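A.B. asks: Dock chain B with the ligands against the given chain A, drawing on the hints supplied.
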Amino acid sequence: MQTKHVRQIQIDVNGEPRSLSVEPRLLLVHLLRDQLGLTGTHVGCDTSSCGACTVLLDGRSVKSCTMLAVQADGRAVTTIEGIGNSKSLHPMQEAFWAEHGLQCGYCTTGMIVSAVDIIQRNPDPTDEQIREGLGGNVCRCTGYHNIVRAVKAAARAVRSGARRKSVAEVEPLTPPLEAPPVTGEGIIPHREPVGAGGE
Amino acid sequence: MIPSAFDYARPENLQDAFALLAEHGDEAKLIAGGHSLLPMMKLRLATPSILIDISRIDGLAGIDATRDGLKLGALVTHAALAASEQVRKLAPALADAAAQIGDTQVRNRGTLGGACAHGDPAADYPAVLLALGARLRIAKKGGETVKEADDFFRGMFETALEGDAILTEIALGPAPHSAYVKFPHPASHYAVVGVAAKLELQGAKIASARVAITGVGDSAFRAKSVEKALSGVDAGDAAAIRSACIDAAAGIEARSDVFASGSYRAAMAAVYAARAVTAAAIR
Ligand SMILES: Cc1cc2nc3c(=O)[nH]c(=O)nc-3n(C[C@H](O)[C@H](O)[C@H](O)COP(=O)(O)OP(=O)(O)OC[C@H]3O[C@@H](n4cnc5c(N)ncnc54)[C@H](O)[C@@H]3O)c2cc1C
Ligand code: FES
Ligand code: FES
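First to last, the protein sequences are chains A and B.
Residue numbers for the first sequence follow the numbering used here, beginning at 1 and rising by one.
Residue numbers for the second sequence follow the numbering used here, beginning at 1 and rising by one.
If you are wondering where the hints come from, they were derived from the structure by calculation, not from laboratory data.
It cannot be assumed that every hint is accurate.
Straight-line alpha carbon distances no greater than 20 Å define the calculated EDC-like cross-link-like pairs of lysine to aspartate or glutamate that follow [claimed, not checked]:
| # | chain 1 | residue 1 | chain 2 | residue 2 |
| --- | --- | --- | --- | --- |
| 1 | B | Lys140 | B | Asp164 |
| 2 | A | Lys4 | B | Asp7 |
| 3 | B | Lys29 | A | Asp34 |
| 4 | B | Lys42 | A | Asp46 |
| 5 | B | Lys140 | B | Glu27 |
| 6 | B | Lys42 | A | Asp34 |
| 7 | B | Lys141 | B | Asp164 |
| 8 | A | Lys4 | B | Asp64 |
| 9 | B | Lys42 | A | Asp127 |
| 10 | A | Lys4 | B | Asp53 |
| 11 | A | Lys4 | B | Asp26 |
| 12 | B | Lys89 | B | Asp64 |
| 13 | A | Lys4 | B | Glu23 |
Partial chain B-side listing against chain A, Cβ under 10 Å, derived [unchecked claim]:
| # | residue |
| --- | --- |
| 14 | Pro3 |
| 15 | Asp7 |
| 16 | Leu14 |
| 17 | Gly34 |
| 18 | Ile50 |
| 19 | Asn108 |
None of these values were measured; they are calculated from a predicted model.
In this text, a Cβ means the ideal position worked out from N, Cα and C, and glycines have one as well.
Isolated chain A, as found in the complex:
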């Protein structure tokens, strides 16, 4: 396949101005992942449906699989790496962790980026507004309850001016489970399956 003219574009990526050479057909998600090594932005469906590839474009959530890199010329892009990192977690990242808002984590970076957009525009969203706002983000394992809880917790934290913490500072919310004392009570004795030995 013939490569059409490469173009020079300027994008502010996570606060850093970048000058980049791109083919017009290069998708923004591939620029971020393959050219800039920002692999926190995921590709889930590649068909504009799942939101795993969500980034902020001038502060608003967009699907980077449905945008050309050249369309971001002159704009500011924020990826999950620009939202926070392990030394300085965004309250949204801390809340997803604390509230168990993820399991496999595949959808999580897109979820967090979308959720940050939601609370930037609406610092105190209702459950319904959160669910509606995350309508473009699909999670295949957590179930959405804890995600909604996490966004609410993060909104609360941001409203009360919570400072960013590092991973090491984040306390687990619930104490570790204690092993139950072994008493022998309630243990079901082993039985041969019915029919196995002839009753």
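C.D. replies: Frame of chain A, contents of chain B with the ligands only:
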């Protein structure tokens, strides 16, 4: 999925865009928000050899309230329409539709003009524009024309736009008693059935109505028999409204797909027409 290779130009004004269209003819495609075109290009259902990005042309992204209603630039995003107080007040049906398109990310990128130009049979705006009697301004190298919505949406992915034309503005008269309701596809949120209604009220009665339906036929259409049946009906009489709407999809060959059969779509058209009229009546 990667689109086939293409060139890219980003004109700063309409004249430059026309020049590029003239130069490249059928090989060129306009791109605004890219939320219908790029998915097609990724599947290689569209393989233009040059994209003309009109998204930064000045003056096409305004929402202006005038004495005669609203003037909306083709580049206004769904999100901007959904968030506009003026749109909510003067044309609530349009605000309803904009707020229900796709999802947050789609609404942040997709544009009013792009959605109309695309002519998708399940798109939301065509029903609203038909019910509200919108006028669409179309610019070409030689000059401009204005088309009534009734003459604009022609068939599946088919509109009155010719290849060298750019939709620049959509004008609407005030429609305070209007509403749009839809049965969204649960995954894409496109309209399985969507109905827009605009009413003129005289006291408690419906003096006249315009009702348009999307998602059901090859393109959005006016339900003219419903419009006729609604005239004189008590705006608070739910049963009378339901019976006036019963033949909403009469004479239309309703589309069938894996999600909904044609007869189901036709049945839902009647249900959603009644809901749209009821919602418009209490606004
Ligand atoms: C996941 C997803 C869900 C969606 N859900 C819905 C939904 O629920 N309801 C709905 O109605 N739509 C839905 N859409 C479509 C969305 O609304 C698109 O934004 C819209 O159809 C196209 O607008 P655009 O600005 O993105 O146009 P583009 O994709 O840039 O262009 C579309 C077509 O219009 C032409 N064009 C664009 N602008 C102009 C212009 N000013 N003049 C002349 N031609 C022009 C282009 O050449 C192209 O052929 C969805 C899209 C996605 C990806
Ligand atoms: S990968 Fe972009 S929406 Fe799924
Ligand atoms: S945590 Fe696995 S997809 Fe959401």
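A.B. asks: Give a verdict on every hint.
C.D. replies: Right, here's what the structure says about each hint:
no., hint, result
1, Lys140/B - Asp164/B, "holds, 6 Å"
2, Lys4/A - Asp7/B, "holds, 6 Å"
3, Lys29/B - Asp34/A, "violated, 27 Å"
4, Lys42/B - Asp46/A, "holds, 9 Å"
5, Lys140/B - Glu27/B, "holds, 17 Å"
6, Lys42/B - Asp34/A, "holds, 18 Å"
7, Lys141/B - Asp164/B, "holds, 8 Å"
8, Lys4/A - Asp64/B, "violated, 39 Å"
9, Lys42/B - Asp127/A, "violated, 35 Å"
10, Lys4/A - Asp53/B, "holds, 16 Å"
11, Lys4/A - Asp26/B, "holds, 18 Å"
12, Lys89/B - Asp64/B, "holds, 13 Å"
13, Lys4/A - Glu23/B, "holds, 17 Å"
14, Pro3, "holds, 5 Å"
15, Asp7, "holds, 5 Å"
16, Leu14, "violated, 19 Å"
17, Gly34, "holds, 6 Å"
18, Ile50, "holds, 8 Å"
19, Asn108, "holds, 5 Å"
When held up to the earlier numbered hints, the structure conflicts with 3, 8, 9, 16 and fits the remainder.
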